[in-house]
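A.B. asks: Each chain is listed here by its residues.
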Amino acid sequence: MKRSLRSLRILQFLCVFILICPNAEAQNSGKWRIKNRLQASYQFDDNIRENTADSLKKNDSSLRFLFHSRASRSNSNTRLAFSYQGGLQSYFRHSIENKLINEIQFSGQYRLRKFVGGVRGNGRLKIYLNHSFDYSTGSFELFLRLPPLANFFNEFAINTGGLEYQNFPGFNYSEKQVKWTISKELSSGLTGVLDLSGKSIDYHRNIIVTTEDSTGCPDIQQKDDNYKVQFKVNYTKSFLVNFSYSLQYNDSNSRGYKYTRHQFVLIIGIPLSNKTWLRGYAAAQIKIYPEEVLPIFPTDVDTEREESNFFVVDMSRDLNPSISALLRFAYYNNESVIRSRFYRKAILTAGFDFRF
Amino acid sequence: MALEKEEDEMKLITMLVFVVMLLAGANVFAQGSMRALEAQFVKIDSAVSVLNNKKNILNEPLQQKAVQIQELKNKNELNYFQHQKLEGLLKDSQDLSNRMADFDSDLRKVKQRLVKTGNELLTIYDSEIKKSLKNLATKDLAQEYRQTILQNIEILRRKKENIKSRIGPETAIEIRMSQLKIEPDDTPKRIKQKADLLKDQEDKFRRLASRLNSRKEELTKELNLRNRIHDLVTDLALFDQQEEILGNLSTSEGGSRLASADASNPDDEISQGLRASESNFIFVGQKDFNFSTLSTEQFEEFIESLIEQEKQAEIKADSLGQRAETFYKAVKRLKKQ
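Heads up: the protein sequence lines correspond to chains H and B, in order. Each residue of the first sequence is one higher than the one before, counting from 1 in the numbering used here. Each residue of the second sequence is one higher than the one before, counting from 1 in the numbering used here.
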């Protein structure tokens with residue numbers, strides 16, 4: 001009897017396997033669309049070590065290579081998308097900053113009558129070739145899109161993610177997030193989106209407690225609650241404008257980690273001619289820390305994980321249908337790993353994009 | 001007892017899985033056969049175009065010889081050289097006619113296959129449209145899904161129109177155009193009128209191709225713009241930081257897709273498209289159609305269908321143009337004589 005049950009289980013497994021395989025292959029009449037891009041560029045950075053004191057700034061140049069591959073397939077009910085990005089940056093003098101970055105993303109969605117459900121995920125591995133700042137991050141999300149209500153579209157998502165430094169476990173964290181996205185088409189080509197999210201972050205480190213006389217780290221893990229409201233408008237026709245404002249509040253049981261942040265982001269894209277593109281990207285933020293704390297506790301290890309105030313102007317020209325030349329200038333005034341301390345840097349990039 | 005109950009449940013689950021598997025298999029088979037048939041249809045259709053072009057090329061010297069033969073026959077008396085020339089022309093004309101007959105025979109066979117494959121495709125499209133309409137009849141269907149279903153129906157209907165235009169009964173204009181030939185008793189003026197008519201039809205197809213081309217260009221620009229912005233943001237996100245920037249882009253793109261409000265009224269769009277196709281006019285897509293509701297893949301598919309329509313319009317225009325040229329040359333030759 002038991003053998004028969006086992007056979008049935010194997011049969012069921014095989015059936016489900018066979019059921020899944022051809023469906024994944026067929027996906028109705030859709031076909032895989034694969035796009036690749038290879039970028040090679042030269043970059044000049046005037047503050048390579050992200051130093052907060054202008055007098056200590058050191059400049060260097062680097063060669064940068066980027067490979068981006070995207071594959072997607074969709075039909076009326078199903079959509080699958082995968083993306084891989086790999087980047088290598090090699091500096092002429094500061095080899096300590098040489099890095100290799102790998103990032104994968106995937107998403108899959110299925111429509112069942114008037115509901116759409118799906119998963120999204122991503123993973124990232126940043127390796128410093130001559131340094132010990134290596135880290136990996138990952139997240140996984142389940143989402144459900146509901147039928148519209150008075151032309152408002154609603155999506156709910158739950159997300160879990162985390163970060164792990166290879167050598168700095170005190171900065172590792174894991175998080176759980178819930179998200180509600182409401183969107184509405186305001187007019188032809190103009191869309192408004194409201195994002196509401198809340199997440200709970202568990203840091204793998206002890207909290208900081210300060211009294212009038214001393215500062216200590218009792219054996220209690222740091223736990224933050226982060227709430228965010230974001231409003232976005234997007235216009236796409238002959239040119240593209242994307243503007244967003246977000247208000248973020250972070251509550252923490254560790255002293256000095258509470259903050260309120262207002263952030264503004266603007267993205268524009270203007271085709272100047274059939275072959276010339278002007279792209280711009282800027283962000284500005286106001287971050288308020290209500291608690292006073294000694295500036296000795298870093299918030300993170302990798303300074304590149306924080307973007308506060310910056311603008312990027314990019315001009316590119318298509319040399320032929322596959323190759324574009326690009327020139328990009330970027331200026332950053334970012335908060336360093338020590339709160340309320342900023343570093344400034346300017347970056348000039350010149351290179352080529354090869355699409356195939 | 002419990003084990004038996006469990007066994008019964010397992011059997012039931014196995015049966016259910018089998019049924020679902022059969023249904024899914026049938027679906028996969030249907031989709032696969034549709035794609036195979038579409039590929040076969042395109043192959044046969046291009047074979048028809050090749051044969052038609054060869055026939056048109058052969059038709060030009062045949063028409064020239066027919067005009068020359070008629071001229072010689074119109075003369076009351078022929079000298080030895082004219083007689084020899086007439087015999088040579090008749091022989092050449094006969095050879096060309098035989099070759100034309102061979103082409104016609106091949107063409108008939110290939111067209112029969114084209115009609116058979118086309119009819120099979122029409123049946124599949126009809127059944128897919130019926131299924132979609134059934135889905136559409138569902139109450140409280142979300143506007144977003146409704147729009148996608150309507151878009152799919154429209155794509156299928158366009159495919160149907162395309163198939164019909166390749167296999168179905170020719171339109172009055174097409175019949176008139178295909179029957180246009182130089183008759184032995186045609187005067188140069190009459191031949192010129194026929195040539196003008198062909199030229200006029202050629203111009204119409206050229207204008208249509210041009211309209212399709214400009215629409216394609218416009219949409220390609222919008223798609224390129226989206227892709228270029230995506231490239232910039234992902235470049236910066238890869239080397240600098242990941243969370244905020246990626247979040248901005250992916251949500252904005254998804255958001256716009258999410259917000260597929262009915263500002264452009266898909267019903268109107270499709271009915272306009274249908275009216276257009278009914279009046280023998282290829283649907284180009286309205287100026288203010290909101291493509292932000294389409295995913296990148298759907299966007300690309302739409303552009304590809306426009307390219308295919310443009311190609312067909314150009315082939316028709318070329319064929320009409322070639323025939324018009326032949327007629328004009330015949331007029332010149334007759335006028336010189």
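Hints are computed from structural coordinates only; laboratory data are not their basis. Hints may be right or wrong, so weigh each one.
In the DSSO-like style, the derived pairs of lysine-lysine whose C-alpha atoms are separated by at most 27 Å in a straight line are [as the list claims (entries may be wrong)]:
1) H:275 / B:116
2) B:332 / H:31
3) H:223 / B:216
4) B:221 / B:43
5) B:221 / H:275
6) B:134 / H:275
7) B:91 / H:31
8) H:114 / B:221
9) B:116 / B:160
10) B:91 / B:311
A.B. asks: Hint by hint, say whether it matches the structure.
C.D. replies: Outcome of the hint check:
1. With a C-alpha separation of about 45 Å, the suggested pairing of residue 275 of chain H with residue 116 of chain B is violated against the 27 Å cut-off.
2. A distance of roughly 53 Å separates the Cα atoms of residue 332 of chain B and residue 31 of chain H; the hinted pair therefore is violated under the 27 Å criterion.
3. Between residue 223 of chain H and residue 216 of chain B the alpha-carbon distance is near 53 Å, which puts this suggested pair outside the 27 Å criterion.
4. The hinted pair formed by residue 221 of chain B and residue 43 of chain B fails the criterion: a straight-line CA distance of about 30 Å is larger than 27 Å.
5. In summary, the hint linking residue 221 of chain B to residue 275 of chain H is supported, as the alpha carbons are separated by about 10 Å, within the 27 Å threshold.
6. Annotation: proposed proximity of residue 134 of chain B to residue 275 of chain H is violated, straight-line Cα distance about 46 Å (limit 27 Å).
7. A C-alpha spacing of about 54 Å is found between residue 91 of chain B and residue 31 of chain H, which places the hinted pair above 27 Å, so the restraint is violated.
8. The hinted pair formed by residue 114 of chain H and residue 221 of chain B fails the criterion: a straight-line CA distance of about 32 Å is larger than 27 Å.
9. Note on residue 116 of chain B and residue 160 of chain B: the hinted pairing holds, with a Cα-Cα distance of about 14 Å set against a maximum of 27 Å.
10. A hinted pair counts as satisfied when its Cα atoms are at most 27 Å apart, and residue 91 of chain B with residue 311 of chain B does not qualify at roughly 38 Å.
Going through the hint list in order, the structure does not satisfy hints 1, 2, 3, 4, 6, 7, 8 and 10.
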